[in-house]
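J.: All chains, full assembly: derive it from the sequences and hints.
In case you want the letters, here they are:
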Amino acid sequence: MADRNEPLDRIKSRRNAAVAAIVDRVPYITWLGIRFDRRGDELTAVLPFSEKLIGNPALPALHGGVTAAFLEIAGLVELTWASMWDDMESGRFVPDATLPGTAPRLAKTIDFSVDYLRSGLPRDSYARARVVRLGRRYSSVQVEAWQDNRGRPFAQANGHFLMPQGG
Amino acid sequence: MPQDDERAKIAKQFMDGLPHVSALGARLTGFGDTRAEIEMEWRADLVGDPRTGVIHGGVVSALMDTCGGASVMAHPDLPNGTATISLRIDYMRSATPRQKLRARAECFHITRTVAFVRAIALDDDEERPVATATGSFTVER
Chain A
688 MADRNEPLDR IKSRRNAAVA AIVDRVPYIT WLGIRFDRRG DELTAVLPFS
738 EKLIGNPALP ALHGGVTAAF LEIAGLVELT WASMWDDMES GRFVPDATLP
788 GTAPRLAKTI DFSVDYLRSG LPRDSYARAR VVRLGRRYSS VQVEAWQDNR
838 GRPFAQANGH FLMPQGG
Chain B
20 MPQDDERAKI AKQFMDGLPH VSALGARLTG FGDTRAEIEM EWRADLVGDP
70 RTGVIHGGVV SALMDTCGGA SVMAHPDLPN GTATISLRID YMRSATPRQK
120 LRARAECFHI TRTVAFVRAI ALDDDEERPV ATATGSFTVE R
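Protein sequence lines correspond, in order, to chains A and B.
First residue of the first sequence? That's 688 in my numbering, and the numbers climb one at a time after it.
First residue of the second sequence? That's 20 in my numbering, and the numbers climb one at a time after it.
Just so you know, the hints here were simulated from the structure itself, not pulled from any lab data.
A couple of the hints might just be wrong.
Said to hold, decoys possible - List time: in silico DSS-like cross-link candidates among lysine-lysine, alpha-carbon distance up to 25 Å:
# : chain 1 : residue 1 : chain 2 : residue 2
1 : B       : K31       : A       : K795
2 : B       : K31       : B       : K119
3 : A       : K699      : B       : K31
4 : A       : K739      : B       : K31
5 : A       : K795      : B       : K119
T.: Dropping the structure here:
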């Protein structure tokens, strides 16, 4: 059970450390420049615009592959986060990026399907994912990405993931 | 792979010059007659799982998306441009660390407005695909 009297700054730093433990060790997430904003258990993936994300310089537009990768990362991080939440809050599992062996294990993507709804502008992008089904072996995740306007997503995706097995 | 010389040369210059494609270090190695091939080197900063050194699935997606678009441009109908409408990727296995990653795509059907593509991602073991993809793309006339 969560401790009602746990000091707020300790709750925040422990949760932020858990997000960092998932994200910071993945070189590709760093290379793309993706970071995660956290409000309680809600994660928003943020992809700040940079020149190397451009696919077509004539428009210009974000590369479709960048959009796919952004959505996949948002989905995978949300899934890892959601699957460790209960153990993390009860203190059974304390992920720490600085301690080897406590990094959360990542699920493997089985399939990932992206709808491109409009072209990605040369601006910052945001994504939120929802774990539709969290299973012991298979999970299903939906992701939506937007830029200026939350109500006008520029891409959405759903994917299936194989959960890490054997502890 | 057949090369439609002049168009292939222009396509190669265009593709290899796209900022994200060049940031990945990917290059067009085949182009023409509804097909395209792209390859890139393994790189430490593109790794998804530092425990194994396996490249991130997102890189595979980016490669397949690029290659899919290139195969549309390689169609003899000669579209002026293309953009991805949808792309579905199935991941068969992890790409082997430190091996070249290669994507091959074929635009197997095209209408006035939509192109249909299938693609495959490979490492050195070409008998066992890393991933397959199917996608639909716009056709700019």
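J.: Which of the numbered hints above does this structure break?
T.: Result: hints 1, 3 break, sorted rising.
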